[in-house]
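Peer 1: Based on the sequences and whatever the hints tell you, model everything.
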Amino acid sequence: MSHPEQFGYVRPFSLKERLDHIQEAKRSLGTTIPWLCDALDNRFKHAMGSANNSEFVIGPDGKILHMRDWSNPSLLRTELAKLAGEVKNPTQVADLNLDIQDRKPAAARGVVRRLELPGQMRAVKVLPQDSGQPFYVKLRAEVDSGLLSSGTGQMYLGFHLDPLYEVHWNNLVAPIEFKVESAGETKVTPAVGKGPKVEAEADVDPREFLVQLENAHPDRPLKVSVRYFACNDEQGWCKAVTQEYLVRIEADRDAGQRSSRGRSSRFRGGSRPRPGGFNR
Amino acid sequence: MRIPLRDLVCAAAITAALMATIANAQNRREPRSGGGFMSTDLMRALDANRDGRISADEIQRATRALQALDRDRDGALSFDELGITRRPGFSFGRPSGFGRGGGSSRSGASRISRSGLVVGSPLPDVTIFDEQGQPFDLKQLKGGHTVIVFGCLT
Numbered sequence: 001m002s003h004p005e006q007f008g009y010v011r012p013f014s015l016k017e018r019l020d021h022i023q024e025a026k027r028s029l030g031t032t033i034p035w036l037c038d039a040l041d042n043r044f045k046h047a048m049g050s051a052n053n054s055e056f057v058i059g060p061d062g063k064i065l066h067m068r069d070w071s072n073p074s075l076l077r078t079e080l081a082k083l084a085g086e087v088k089n090p091t092q093v094a095d096l097n098l099d100i101q102d103r104k105p106a107a108a109r110g111v112v113r114r115l116e117l118p119g120q121m122r123a124v125k126v127l128p129q130d131s132g133q134p135f136y137v138k139l140r141a142e143v144d145s146g147l148l149s150s151g152t153g154q155m156y157l158g159f160h161l162d163p164l165y166e167v168h169w170n171n172l173v174a175p176i177e178f179k180v181e182s183a184g185e186t187k188v189t190p191a192v193g194k195g196p197k198v199e200a201e202a203d204v205d206p207r208e209f210l211v212q213l214e215n216a217h218p219d220r221p222l223k224v225s226v227r228y229f230a231c232n233d234e235q236g237w238c239k240a241v242t243q244e245y246l247v248r249i250e251a252d253r254d255a256g257q258r259s260s261r262g263r264s265s266r267f268r269g270g271s272r273p274r275p276g277g278f279n280r
Numbered sequence: 001m002r003i004p005l006r007d008l009v010c011a012a013a014i015t016a017a018l019m020a021t022i023a024n025a026q027n028r029r030e031p032r033s034g035g036g037f038m039s040t041d042l043m044r045a046l047d048a049n050r051d052g053r054i055s056a057d058e059i060q061r062a063t064r065a066l067q068a069l070d071r072d073r074d075g076a077l078s079f080d081e082l083g084i085t086r087r088p089g090f091s092f093g094r095p096s097g098f099g100r101g102g103g104s105s106r107s108g109a110s111r112i113s114r115s116g117l118v119v120g121s122p123l124p125d126v127t128i129f130d131e132q133g134q135p136f137d138l139k140q141l142k143g144g145h146t147v148i149v150f151g152c153l154t
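For the protein sequence lines, the chains are A and D, in the order given.
Just so you know, we're using our numbering here: the first sequence kicks off at 1 and counts up by one.
Just so you know, we're using our numbering here: the second sequence kicks off at 1 and counts up by one.
Calculated directly from the structure, the hints in this document are not laboratory data.
Glycine included, every Cβ here is placed at the ideal spot set by N, Cα and C.
Do not rely on the hints blindly, as some may be mistaken.
[Unchecked claim] Here are the computed distance ranges between Cβ atoms for each label pair:
hint, chain 1, residue 1, chain 2, residue 2, range
1, A, 43, D, 132, 14 to 22 Å
2, A, 146, D, 122, 36 to 44 Å
3, A, 253, D, 132, 27 to 35 Å
Peer 2: Printed below as a string of structure tokens:
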């Protein structure tokens with residue numbers, strides 16, 4: 001996933017979720033072409049150069065005939081014409097009538113203000129721990145460059161509802177709570193946090209926090225536990241969920257980049273956030 | 001600075017012309033310098049089918065595409081929401097310039113080439129999955145020409 005949050009989607013944690021993303025892509029693109037699904041460790045992507053929209057033409061012997069970092073349909077058509085002959089009436093992109101639709105959210109968006117980040121941040125590795133139930137809410141962790149280089153700096157913890165599960169926050173009960181446990185000399189401030197009280201009964205906005213880390217090290221992963229209350233109106237259930245993650249302070253090259261990086265100008269006139277607090 | 005959505009929609013036609021210029025430059029394989037005009041985020045939003053140009057249909061849908069970038073739903077787009085980083089002294093854009101086109105196997109700067117892959121390299125010996133989640137051995141692709149495009153829904 002190159003652009004988490006675009007069209008509302010977030011990084012899948014399981015192969016099933018990744019396969020669901022493929023079905024979503026097929027549905028929204030209206031395509032019948034065969035799709036292959038990389039393993040969760042992205043082994044195929046890495047073996048093929050890790051370029052996000054790269055393109056390869058493979059010959060009958062299984063070897064690369066053409067390759068480029070960024071897909072170029074017109075160049076590809078030329079190459080295929082040389083390999084397989086000209087096509088009399090080639091399908092044009094316009095014929096496909098592509099129309100990617102934003103997935104309908106399970107509840108209102110724009111109810112809780114997004115956190116104003118202190119600058120450009122980089123995603124770090126998040127390892128979800130099996131809880132026996134789906135991760136209706138998924139953690140995205142990012143850190144500032146100082147934290148990566150020195151072990152001291154700010155870390156963003158964003159808890160995002162996964163639209164695949166069509167759930168929303170239940171704001172009639174206690175808000176989301178998180179706890180960060182550190183080991184050794186690593187210090188986290190604050191180590192616990194709670195989401196805002198929201199007047200609307202339900203919404204799907206992320207719950208975001210900033211915490212300050214001191215003496216963090218990739219060899220000392222942080223244990224992040226979270227408790228939240230999610231509802232699925234379609235299936236008629238609401239439940240409390242407790243889940244855990246290990247967060248390694250190490251850049252995650254597969255985590256993509258949110259479209260609005262360093263959203264410092266997101267809120268006009270907004271104040272800078274305090275660690276652990278919402279920008280309200 | 002924030003840019004009202006209606007202004008951006010009106011600019012879509014201009015953008016299309018600009019994109020045609022960029023696409024031509026890429027087709028000529030001219031080296032690209034930094035300081036491109038349009039952010040990749042904005043291009044991705046407008047170029048729904050990822051064909052490197054903004055078609056008439058995509059221009060018609062530009063309003064919806066731009067609204068999708070308005071993350072804080074305030075009816076306007078900031079540079080951040082457009083994915084544009086302003087650099088002192090000149091214009092704005094990613095250090096690598098617009099887009100990521102080109103990068104053919106002839107270019108030593110290609111990200112793929114830097115990974116060690118060259119034309120003639122075999123597909124890696126890895127097992128991935130088909131759409132149903134069943135293991136898929138890449139050797140199954142032998143016997144015919146295959147196009148593989150890496151991508152994702154977002």
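Peer 1: It remains to establish, for every hint, whether it holds in the given structure.
Peer 2: The hints, checked one at a time:
Under the hint 14 to 22 Å, the C-beta atoms of residue 43 of chain A and residue 132 of chain D, about 19 Å apart, fit the expected range. A hinted range of 36 to 44 Å holds for the C-beta pair residue 146 of chain A and residue 122 of chain D, which are about 43 Å apart. For the hinted restraint 27 to 35 Å between residue 253 of chain A and residue 132 of chain D, the CB-CB distance of approximately 28 Å keeps it satisfied.
Hint check: no violations occur; every hint is consistent with the structure.
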